[in-house]
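Please build the complete structure, drawing on both the sequences and the hints.
Spelled out from the first residue to the last, the chains are:
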Amino acid sequence: MASAPNIERLYDDHAPALFAFLLNLLRNEADTQDVMQELFIKLARRPALLKDVRDERGFLLRLGHNLAIDLIRRRGTRDRNYDQLAREPMALFAKSPDPDEQTFREKLAEALGELPADQRAVVHLKLWEKLTFEAIAETLEIPLNTAASRYRYGLDKLRGRLRPIYDEIQ
Amino acid sequence: MNSEFENYLQRQPMREIPPHWRARIMAAAQPPPAQWREWLWPCPQAWAALGAAWVVIFVLHFTTPDEPRLAGNFQPLTPQSFAILQEQTMMMAQLLGPNDGDEQPAALPAAPKPRSEMARRQLIG
Chain A
1 MASAPNIERL YDDHAPALFA FLLNLLRNEA DTQDVMQELF IKLARRPALL
51 KDVRDERGFL LRLGHNLAID LIRRRGTRDR NYDQLAREPM ALFAKSPDPD
101 EQTFREKLAE ALGELPADQR AVVHLKLWEK LTFEAIAETL EIPLNTAASR
151 YRYGLDKLRG RLRPIYDEIQ
Chain B
171 MNSEFENYLQ RQPMREIPPH WRARIMAAAQ PPPAQWREWL WPCPQAWAAL
221 GAAWVVIFVL HFTTPDEPRL AGNFQPLTPQ SFAILQEQTM MMAQLLGPND
271 GDEQPAALPA APKPRSEMAR RQLIG
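Chains as they are written, first to last, in the working numbering: chain A, 1 to 170; chain B, 171 to 295.
Here are the in silico distance ranges between beta carbons for each label pair:
| hint | chain 1 | residue 1 | chain 2 | residue 2 | range |
| --- | --- | --- | --- | --- | --- |
| 1 | A | Asp70 | B | Asn177 | 33 to 39 Å |
| 2 | B | Asn177 | A | Thr103 | 18 to 24 Å |
| 3 | A | Arg46 | B | Asn177 | 36 to 42 Å |
In silico negatives: residues of chain B with every beta carbon more than 12 Å from chain A:
| hint | residue |
| --- | --- |
| 4 | Ala216 |
| 5 | Ala219 |
| 6 | Val226 |
| 7 | Met261 |
| 8 | Ala263 |
| 9 | Leu266 |
In case anyone wonders, no lab produced these hints; they're calculated from the structure.
These figures come from a predicted structure and were not determined experimentally.
Idealized CB from N, CA, C, for every residue including glycine.
Next comes the structure, spelled out in structure tokens:
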């Protein structure tokens, strides 16, 4: 029997990254909390999941991604339209004291919401988790080329959408 | 290599996780109340040994033939003991006396016939 993982340590080390990734993916705070809770319950009840795991962060991001996709599939056809929900404005970034920067962050959150969820996941992992394409491919269980192309398409869309405001700020 | 635009995006800090989530999620992730596994867990070897002992007992019980035990219990009625039994029954009938008149003492089964003269002499003598 595998030893019980230190759930509190795992939370402190990885919850901020999981929160940002899941919030960006699900675009809903309550759903993000549900998925994070489900994830840590799963880890507490099935310690063997973490046995032989070398990259904890990557493993937890993959687990969180799978749970989020399950939730989207479960609810998508029932009571929510996730594409619609993703476009609604939400606080994804920290508030900035600089009004220009704050505006840019709000527009960036909106632009991310317009991306398909699979592109959004890749863009998030590349930009804010600073993962390599190889690590992204492993985390999302997709081919390496798919990860690279999703990032390229996603980034092009963000650039096109944010170019005017970005040029103003710079 | 990242472009300036990508670097700028990377510098935008994500919102922090609400601090109160920690307590809620940790509470939910607590292990479930004691189950039979946990009850058994303090000394699983002892429980396993006890279980194995019971298995051995059952196996021995069902594989040992029953004949010797039954044969040991069975003792045929000898002519001597039959005669004693008959005598006691008659004595009991005399002591009790005639009942309502209708009731007769139960008829005894016929005594086994001796198989030889020697056995007859033993029975009489």
